[in-house]
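Please take these sequences and the hints and turn them into a complete structure.
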Amino acid sequence: MQLYLPIANIPVNIFLVLAMGAAVGFVSGMFGIGGGFLMTPLLIFIGIAPAVAVASVASHIAASSFSGALSYWRRRAIDPALALILLSGGTIGTALGVWTFTYLRSLGQLDLMIGLSYVVLLTAVGTAMAYEGLRAMLRTRRGGAATLRRPGSHGWIHGLPLKMRFKRSKIYLSIIPVIFVGLVIGFIGAVMGIGGGFILVPLMIYLLRVPTSTVIGTSMVLTLVTMIFATLLHAVTNHLVDAVLALILMVGGVTGAQFGARAGQKIRGEHLRLLLGLLVLAVGIRFAVELVIRPADLFTIRESGGAAP
Amino acid sequence: MTARALLVLAGLLGAILATSPACAERLIVSVSNHRVTVTPNYAGEELVLFGSVERDADTPPGRTNYDLVVTVVGPRADMVTRRKERRFGIWINSDYRQFLQVPTYLALFSNRPFDQIASPEVQRRQQLGLNNVLLMQRVSGDYADVVPDDVFRSAFVRLRTEHGLYREETSAVTFLTPTLFRTTIPLPAEVPIGTYNVEIKLFTDGALVTKAGTAFEIVKVGFEQFVANTARQNGLAYGLVTAAMALMTGWMASIVFRRD
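Residue numbers (this note's numbering), protein chains in the order written: chain A, 1 to 309; chain B, 1001 to 1260.
What the hints contain is simulated information worked out from the structure, not anything from laboratory work.
A hint or two may mislead.
Quick list of the computed label-pair ranges, beta carbon to beta carbon [as the list claims (entries may be wrong)]:
id, chain 1, residue 1, chain 2, residue 2, range
1, B, T1037, A, I46, 17 to 27 Å
2, A, Y103, B, A1144, 24 to 34 Å
3, B, R1083, A, K170, 48 to 58 Å
4, B, T1179, A, L107, 50 to 60 Å
5, A, K266, B, E1190, 41 to 51 Å
6, B, L1100, A, Y103, 19 to 29 Å
Built from N, CA and C at the ideal position, the CB exists for glycine as well.
So, in structure tokens, the structure goes:
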């Protein structure tokens, strides 16, 4: 069934978009991530303009992270204080990101920037995650305990001033790196149209040493708020959020996420990390190949504004 | 020899007569739908243009060798064509050309190839064929169209053609009788919203006899129009509603799938 999208200005097959939403939702529920890094390229692939895809995916991620955050909140797996401080950085980062997005779009280098950042981020994070997951798997196979958190170890992070006690996470930490992490994620999310969960979770675990019990719930709150904020900013500055497309994605996404979450609980943690790492890496390599191989068509056309009424 | 000279003279005379204000022929045209509405199930449309050549007392008797060229011009916009180049091992956009107020949709239909209808000079002056249509470019401060085989111009035309937005068909106009004609105007789903001008030019013996114009518009109506207008005019309200929609969907999912 074809449906004409009012902002993207093309008709799409409604069941195809629903299925895409559900598939990405399944992955996002399984790994506790937003799934934007999969959704945006898929939308571009079915012919939606990159700018519209990025702007619309933001609201889709907001929906799936809200449904996730609610269930984590019921299980008391969210650290409100930590979320609040991450958010203060995230808000600034998102504003900077949307501004950069608009600027790059006017330069004509938006596609390149999105492509490049996908390659760099995805291959780096994917490799790190897959490697870490593999090591943890080997360790458990050899009989050792797979510990993520070494309570005694203190890095340079712990030497920073402005320390604060985060009760629910049971950590005592300077707010500077927390704000910084929020800022980076907000920025990346707005420019690339991704929630940034797949970067945020490892950053919180390895850099901030947040315990795994609160890490996913808290990261979902950050994703939720930055994506709501990004939706608003994209709607106000670029007028490119397609609400109809977003709604179809949301419905598919939240449904898929529920089944994904159930599937995820049946898989061991290190296996999950290895799988997610490989998935992220695969998407990154796909983008790298696209940049390196000679494109089928060297020319592209874009409307440059100033359109006649 | 004298017979041929006379024929040329007659042709010239005919041409002069044709371009004089007192036209011997008149075109009457209409499109099947003057208002194409974009609804949620819109997936492109095909319009039919039909018309007839009205002859009067001044028309040279026995003149039936008419040629028709139909030009459909969609709303105009500024567009940029970029070329990718290999830099530092990756393919990035480097050089670009700006096309100013060029048609977003352009269709040229005729009953036979343009070079059989008129001389290259007339083709150029009357903008017959995609190669002769004026596509204004800004080339480092200057405004000009360039030669048809310019790489940016031909890439631009080729890409628009691939999307069905520019088209040239020299057998699309059919004469049902020597004076009655029709052609179809295919509009793919991704054609831009706006006003489309149709110009119909009548040629005979390589010269323009008369021309006529009509127009149609493609408009979003109802829900599509409401969403598009709100997004453009009330960005904040639109964003808030979209965000609220996201929260509602997420909340409903967590209720529906709750397992306790």
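For each hint, the structure was consulted:
1. B/T1037 to A/I46: 17 to 27 Å: Holds, since B/T1037 and A/I46 (Cβ atoms, about 25 Å apart) stay within the stated range.
2. A/Y103 to B/A1144: 24 to 34 Å: holds, 30 Å
3. B/R1083 to A/K170: 48 to 58 Å: holds, 57 Å
4. B/T1179 to A/L107: 50 to 60 Å: The hint (50 to 60 Å, Cβ to Cβ) holds, given that B/T1179 and A/L107 are roughly 55 Å apart.
5. A/K266 to B/E1190: 41 to 51 Å: Distance hint for A/K266, B/E1190 holds at roughly 44 Å.
6. B/L1100 to A/Y103: 19 to 29 Å: holds, 23 Å
Checked against the numbered hints above, the structure breaks none of them.
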